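Colleague: The residues making up each chain are set out below.
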Amino acid sequence: MGSLGSEDDQARFASVVLPHLADAYALARWLTGDRADAEDVVQEACLRAFRGIGGFAGVNARAWVLTIVRHAAYAWLGKNRSAALVMVDDLEAVEQQQASGAPDSGPQTPEAALIAKADAARLEAAIAELPLPFRETLVLRDVQGLDYREIAEVTKVPIGTVMSRLARARRRLIERVGIDEPAHAPGSAPVDEARNEPRKVPGNHP
Amino acid sequence: MSPSDTDPKLLVHAYVDGELDPAHALEVERMLADDPALAAERERVEALRGAIRERLPREQASPELARRIATAVGMRSTAAQPPSRLAARPSWRALAASVVVAALVASGATWFVGEGGGTSATADMVVASHMRALMAPASIDVASSDRHTVKPWFNGRIPEAPRVVDLAAEGFPLVGGRVDVIGRAPVATLVYRHRQHLISLSAVAGGRALPSGRAQIAGYNVLSWSDDGVAYWVVSDLALGDLETFAKAFRTAGG
Numbered sequence: 001m002g003s004l005g006s007e008d009d010q011a012r013f014a015s016v017v018l019p020h021l022a023d024a025y026a027l028a029r030w031l032t033g034d035r036a037d038a039e040d041v042v043q044e045a046c047l048r049a050f051r052g053i054g055g056f057a058g059v060n061a062r063a064w065v066l067t068i069v070r071h072a073a074y075a076w077l078g079k080n081r082s083a084a085l086v087m088v089d090d091l092e093a094v095e096q097q098q099a100s101g102a103p104d105s106g107p108q109t110p111e112a113a114l115i116a117k118a119d120a121a122r123l124e125a126a127i128a129e130l131p132l133p134f135r136e137t138l139v140l141r142d143v144q145g146l147d148y149r150e151i152a153e154v155t156k157v158p159i160g161t162v163m164s165r166l167a168r169a170r171r172r173l174i175e176r177v178g179i180d181e182p183a184h185a186p187g188s189a190p191v192d193e194a195r196n197e198p199r200k201v202p203g204n205h206p
Numbered sequence: 207m208s209p210s211d212t213d214p215k216l217l218v219h220a221y222v223d224g225e226l227d228p229a230h231a232l233e234v235e236r237m238l239a240d241d242p243a244l245a246a247e248r249e250r251v252e253a254l255r256g257a258i259r260e261r262l263p264r265e266q267a268s269p270e271l272a273r274r275i276a277t278a279v280g281m282r283s284t285a286a287q288p289p290s291r292l293a294a295r296p297s298w299r300a301l302a303a304s305v306v307v308a309a310l311v312a313s314g315a316t317w318f319v320g321e322g323g324g325t326s327a328t329a330d331m332v333v334a335s336h337m338r339a340l341m342a343p344a345s346i347d348v349a350s351s352d353r354h355t356v357k358p359w360f361n362g363r364i365p366e367a368p369r370v371v372d373l374a375a376e377g378f379p380l381v382g383g384r385v386d387v388i389g390r391a392p393v394a395t396l397v398y399r400h401r402q403h404l405i406s407l408s409a410v411a412g413g414r415a416l417p418s419g420r421a422q423i424a425g426y427n428v429l430s431w432s433d434d435g436v437a438y439w440v441v442s443d444l445a446l447g448d449l450e451t452f453a454k455a456f457r458t459a460g461g
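Protein sequence lines correspond, in order, to chains R and F.
1 is the number of the first residue of the first sequence in my numbering; add one for each residue after it.
207 is the number of the first residue of the second sequence in my numbering; add one for each residue after it.
Chain R extracted, bound-state conformation (with noise of 0.2 Å):
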């Protein structure tokens, strides 16, 4: 194997991708949902990314690596998961029709303490259940810290497109872990309302 490459090239690959490794991990781990895929998925990523070193224009190599890795999971993704892209075509879809005909206030709309104490495994799986388009942009953006400019390079998206999928998906992680019960009864939040919120909410009952 170790012909594949020059010397040259093999330190380009170690100042350039290797540092990302660990970025390029989350995201693969994120979109593929499975340490093993996204470990296959990064190891694919960064074979493309040795072959392609000399067209790295040396600018953003984050955004270049996770570009690649984003890349690589679609590809994996359309291999073994095909049904998760379909859903992606029918989302853009829906995004335009709910863009213009969502209500103002959505059913949920918990106390921001109630969010910071959210649990992390409720976290984790609300995250998880986002589809793919908002997903990949609430991880680069909160979990990976990149921003806007850079998410709208890897995601291949304009900028206007990159935040309203972030607020989207942060709407719904709102809705989701703010909730104090799984439980769907109506009583729920209230409950915990009165237990830690000395702050009457006016306005809340109409």
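Since the hints were derived computationally from the structure, they do not count as laboratory data.
Since the model is a prediction, treat every value here as computed from it, not as a measurement.
Just so you know, not all the hints are guaranteed correct.
Claimed, not checked - Over 10 Å on every C-beta distance to chain R, these chain F residues come out as not near it, computed from the model:
#1 P228
#2 A229
#3 E235
#4 M341
#5 T458
Said to hold, decoys possible - Partner residues aside, some chain F positions facing chain R, computed with beta carbon under 7 Å:
#6 E225
#7 V251
#8 H403
#9 A453
Unchecked claim - Lysine to aspartate or glutamate pairs mimicking EDC-like chemistry, simulated, CA-CA at most 20 Å apart:
#10 K117(R) x E376(F)
#11 K117(R) x E249(F)
#12 K156(R) x E225(F)
#13 K117(R) x E260(F)
#14 K79(R) x E44(R)
#15 K357(F) x D372(F)
#16 K215(F) x E175(R)
#17 K117(R) x E252(F)
#18 K215(F) x D241(F)
#19 K454(F) x D347(F)
#20 K215(F) x E235(F)
#21 K454(F) x D433(F)
#22 K454(F) x D434(F)
#23 K79(R) x E39(R)
#24 K215(F) x E233(F)
Don't be surprised by glycine CBs; every beta carbon is placed ideally from N, CA and C.
Let chain R serve as the given structure and place chain F on it in line with the hints.
Modeller: Just chain F now, kept in the frame of chain R:
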């Protein structure tokens, strides 16, 4: 895009994410002050961001992955090396650092806008140290979130122990410290964390900071400033806005 023709709720996200320039941020602050519903949404978004940062479990790739990749691209890389013993470290580290520096120079990935020679060389070295640390089996020599452990550790290793502050409350917990070599002098480097990103902060006594205060090298953001005769260098792959928040917190923290 101007705030006036964008949904205020989207702008709140951009505001919380530090994506607005000062003029637009000011406009959003006014809207937040006028609209309690919008202010409540901002609190929820910040609470969610905090919960993701503080509570979401971080899963690491298996150590096997780096080895698999090194094999796949046909390299006997630093990542494929077994963790070296402490005694064997210095030579290995010097080697790794020199490889990285060579790679940086050769790749042309380094550039500055109007910088003089001396400080840009320092910028290269702090970035190389940071990158080398990320590739090493352990990116720190002393691992502790307690500044009263980290600061004394530097005594005897470098002439003057650096200022060590605890920034956990600001979202930047201390991870530990290490000694880097900048030029020919050992230099104290503190390592902080933000989400899963590491931040290296090197304190160079008597050194000079970058005239412009910032640079981007090989995709890493670099900030530098002087304070009380010490040049501080901060390196991370964090977004520039987050890194500036860190630098500001460090500069203003007592201790």
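Colleague: Enumerate the violated hints, using their earlier numbering and listing them in ascending order.
Modeller: Per hint list: 4, 9 and 19 violated.
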